[in-house]
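Visitor: The chain contents come next:
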Amino acid sequence: MKPEDLFDAITEVKEEYIDEAQQMPEKRSPWKKWGVLAACLCAVLGVGFLLFPSQGPEEPAPTEQQMLATGSNTAPTEPSEEPTAQPELPTEPPVAVSIDGELPKLEVSNYFGAMGYEGYSVYDLEEKDSGNPWTEEMQLETMPVYQNLAYTDRAGTPDYLTAHQMSALAQQAGRRIIELQDSGKYDGISEDYRSYYGVITEDFAIQGQTTGAIRLNLYKEKSVKEPDSLEEAQTLAAQLTEEYGIFFTDETLLPQAWGSYDIYGEGHWQIGAYPASDDPLQSILNYNFRSLHFYIIEGSLSAVVFSNRFLSMQKLGDYPVITADEARKLLLNGNFITSVPKEELRADTVREEDIAAVELVYRTGNVEQIFMPYYRFSIRLRDREDERSELGLKNYGAFYVPAVESEYLTEMPVWDGTFN
Amino acid sequence: MDDDKILALYRQRNEDAIYETDRKYGALLRSIARNILGDGAESHDCVNDTYLQVWNSIPPLLPKRFSAWLGRLVRNHAIDLWRGNRAQKRDCELTLLLEELDECLPSAQSVTQEVEKRELVEALNAWLATLSKEDRRLFLLRYWNGEPLKEIAQKHGVQPDKLARKMYRLRQSLRTALEKEGVLP
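So the sequences go chain by chain: A and B.
Position 337 of the first sequence, counting from 1, maps to 337 under my numbering, and the rest follow consecutively.
Position 26 of the second sequence, counting from 1, maps to 26 under my numbering, and the rest follow consecutively.
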């Protein structure tokens, strides 16, 4: 979504609010004092909220053929009233056919979006930990790299799965839920702003999205207490995963919770889950590309999204990867990408003592052409000049070192203190 | 003149309708257009185009809230014109507005889902409902009317820098709301 879309949507807010804004206000003398300095404000613009690498989507995805097969008698305009058997869904994304058998060189994208930097304020980095299954002990020698088929240029909207595929996706998921609940009614497909709702009942709607995600919108009030701490978030994640996970997959799901604190020191917690696997590599892929996310608004669960990037990506090959130790050396050598401005660092450059944690992640945003693994280092930054430092919150920023061996990269990134 | 009377003129196909509309709402509509398109002839054309559109729409359309409906028309038309011609419009107020609104969105890499406009509007309405009347008015004057901060500050008898901080908090609050709403990841 672009700011233009938001500006555009603002046009349509309630007419009474529009009218209300046009009334002349009573002039008053200045408002109550604000404690924060303007300079400080500028410094924190855009920080406060963290960007977790969007942990990808979810569940095994149907191939186009399978989706078309399921949906063959259920064209978007003429939905079938008779549910057909659910097809087996592949758990692996398709492999691209390499012409010469060689691994193509990869380009590191250092685009981070226009807003703020990827930083997080927490008391303890554990609060930001979202249950990444990767550990340094895994000693992975190669890792798969994928092409993002739903790639979109900067800030654009992804457009990959066709309308037919999205509706097939929504129908499959909808039938599953109806069967599991033994209730509900198949109401067909409706198209609305490029979204495809497969099943709509009074209680919920299922939507297939162009990247392969399935979104369950809950219309029936489902009260949940918004978590006030990581522990509460974890408990809630376990409860909701138990209750809703089965709607999306038969796999065992590992609940996750993570969060950070805003500029007023208030914690914001997110909850989700991803499919467990005995295979460590599969676990990592699930964590990054197939995950469940719960959206809670005003004490009520409003939506559950099961992302599945497997539906909109294609494997390029297994690439040799470096170890976290080797990545650490590259980091200290300036071979990284980051959205953190130089002035936020505690010294002129990243120092050994500022490295607080490392994990391996795929960068999976829509603007990534290639989904490749990175070592993400959490680097301790300068303390914020606001309520957060008084509360004892520590400020960290994300620094990424490509995990793929440098000979497979078109160019090793060198930080010059700027980004984008 | 009452809105009802103006609307009656449109229904009678009486061209005074446009004159009366302009007399009552012209200043507001021109300022909305100007805030998006700048001071040039385009703003002027934008409002004139809108009058033509109103003339062609009523009847059969009968807007319930005439002023808000007019405002929306002119705003939508101005956005379209801006989109068609943005290369030349680097310095207009809208560019600044969009930069500010960008703070309400996560960086592109974390946006994984399409956002429906309807969903976004609903979320905006829900968030606006949580604000005090004064905050809501300030937010809409800035982001619906597109009024420059200075003007709003003057109207409200507030220091511009204080207003800027207020706006910052409102944007952060909107962002949090959109995230909670599930509109943003």
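Just so you know, these hints were derived from the structure itself, not from any lab.
Beta carbons: idealized from backbone N, C-alpha and C, even for Gly.
One or more hints might be untrue.
Claimed, not checked - According to the in silico footprint, chain A covers these stretches of chain B (three or more CB under 8 Å from chain A): (1) 71–80; (2) 167–180.
Stated by the list, open to error - Only pairs whose alpha carbons sit at most 30 Å apart, straight line, appear in this in silico DSSO-like list of lysine-lysine: (3) Lys5(B) with Lys342(A); (4) Lys220(A) with Lys180(B); (5) Lys64(B) with Lys14(A); (6) Lys5(B) with Lys220(A); (7) Lys155(B) with Lys128(A); (8) Lys24(B) with Lys2(A); (9) Lys14(A) with Lys24(B); (10) Lys162(B) with Lys394(A); (11) Lys14(A) with Lys162(B); (12) Lys180(B) with Lys225(A); (13) Lys150(B) with Lys14(A); (14) Lys222(A) with Lys64(B); (15) Lys2(A) with Lys5(B); (16) Lys14(A) with Lys222(A); (17) Lys14(A) with Lys315(A); (18) Lys394(A) with Lys117(B); (19) Lys180(B) with Lys222(A); (20) Lys133(B) with Lys2(A); (21) Lys225(A) with Lys150(B); (22) Lys105(A) with Lys117(B); (23) Lys105(A) with Lys133(B); (24) Lys128(A) with Lys133(B); (25) Lys14(A) with Lys180(B).
What the hints assert, rightly or not - Residues of chain B placed beyond 12 Å of chain A at every Cβ, according to the derived structure: (26) Arg13; (27) Leu28; (28) Leu61; (29) Lys64; (30) Ser67; (31) Asn145.
Visitor: Each of the hints needs a verdict: does it hold here or not?
Guide: To see whether the hints hold, each was checked on the structure:
Note: the segment 71–80 of chain B has 5 residues with beta-carbon separation from chain A under 8 Å; the three-residue rule is met and the coverage holds. Counting residues of the segment 167–180 of chain B whose CB lies closer than 8 Å to any CB of chain A gives 6, which reaches the minimum of 3, so the coverage claim holds. With a C-alpha separation of about 62 Å, the suggested pairing of lysine 5(B) with lysine 342(A) is violated against the 30 Å cut-off. The straight-line distance between the Cα atoms of lysine 220(A) and lysine 180(B) is roughly 17 Å, inside the 30 Å bound, and the hint therefore holds.
For the given pair, lysine 64(B) sits about 12 Å from lysine 14(A) by alpha-carbon distance, which is consistent with the 30 Å threshold. Among the hinted pairs, lysine 5(B) with lysine 220(A) is inconsistent with the structure: their alpha-carbon atoms are about 44 Å apart, more than 30 Å. Taking the CA atoms of lysine 155(B) and lysine 128(A), the gap is about 44 Å. The hint is violated against a cut of 30 Å. Between lysine 24(B) and lysine 2(A), the direct Cα distance comes to roughly 34 Å. Violation of the 30 Å bound is thereby established for this hinted pair.
Pair hint lysine 14(A) plus lysine 24(B) holds up; C-alpha atoms about 21 Å apart against a cutoff of 30 Å. Restraint check for lysine 162(B) and lysine 394(A): the C-alpha separation of about 28 Å stays at or below 30 Å, so the hint holds. Pair hint lysine 14(A) plus lysine 162(B) holds up; C-alpha atoms about 27 Å apart against a cutoff of 30 Å. With a C-alpha separation of about 13 Å, the suggested pair lysine 180(B) and lysine 225(A) falls inside the 30 Å cut-off, and the hint holds.
Of the supplied pair hints, the one linking lysine 150(B) and lysine 14(A) holds, its CA atoms being roughly 25 Å apart against a limit of 30 Å. Proposed proximity of lysine 222(A) and lysine 64(B) is contradicted: the alpha carbons are some 35 Å apart, above 30 Å. A distance of roughly 40 Å separates the Cα atoms of lysine 2(A) and lysine 5(B); the hinted pair therefore is violated under the 30 Å criterion. At most 30 Å may separate the alpha-carbon atoms for a hinted pair to count; lysine 14(A) and lysine 222(A) meet this at roughly 26 Å.
A distance of roughly 46 Å separates the Cα atoms of lysine 14(A) and lysine 315(A); the hinted pair therefore is violated under the 30 Å criterion. For a cut-off of 30 Å, the pair hint linking lysine 394(A) to lysine 117(B) is broken: about 37 Å separates their Cα positions. At roughly 15 Å between alpha-carbon atoms, lysine 180(B) and lysine 222(A) fall within 30 Å of each other, so this suggested pair holds. At most 30 Å may separate the alpha-carbon atoms for a hinted pair to count; lysine 133(B) and lysine 2(A) meet this at roughly 27 Å.
At roughly 41 Å between alpha-carbon atoms, lysine 225(A) and lysine 150(B) are farther apart than 30 Å, so this suggested pair is violated. Restraint check: the Cα-Cα separation between lysine 105(A) and lysine 117(B) comes to about 39 Å, which exceeds 30 Å; the hinted pair is violated. Under the criterion of a C-alpha separation no larger than 30 Å, the hint pairing lysine 105(A) with lysine 133(B) is inconsistent with the structure, at around 56 Å. A hinted pair counts as satisfied when its Cα atoms are at most 30 Å apart, and lysine 128(A) with lysine 133(B) does not qualify at roughly 36 Å.
Of the supplied pair hints, the one linking lysine 14(A) and lysine 180(B) holds, its CA atoms being roughly 20 Å apart against a limit of 30 Å. Listed as a non-interface residue, arginine 13(B) keeps its Cβ farther than 12 Å from every Cβ of chain A; the least gap is roughly 26 Å. Under the 12 Å C-beta cut-off, the non-interface status given to leucine 28(B) relative to chain A is violated; the minimum distance is some 7 Å. For leucine 61(B), the shortest C-beta to C-beta distance to chain A comes to about 14 Å, beyond the 12 Å cut-off, and the non-interface label holds.
Annotated as non-interface, lysine 64(B) brings its C-beta within 12 Å of a C-beta of chain A; the closest such distance is 7 Å. With a minimum CB-CB distance of about 6 Å to chain A, serine 67(B) fails to clear the 12 Å threshold, and the non-interface call is violated. With a minimum CB-CB distance of about 7 Å to chain A, asparagine 145(B) fails to clear the 12 Å threshold, and the non-interface call is violated.
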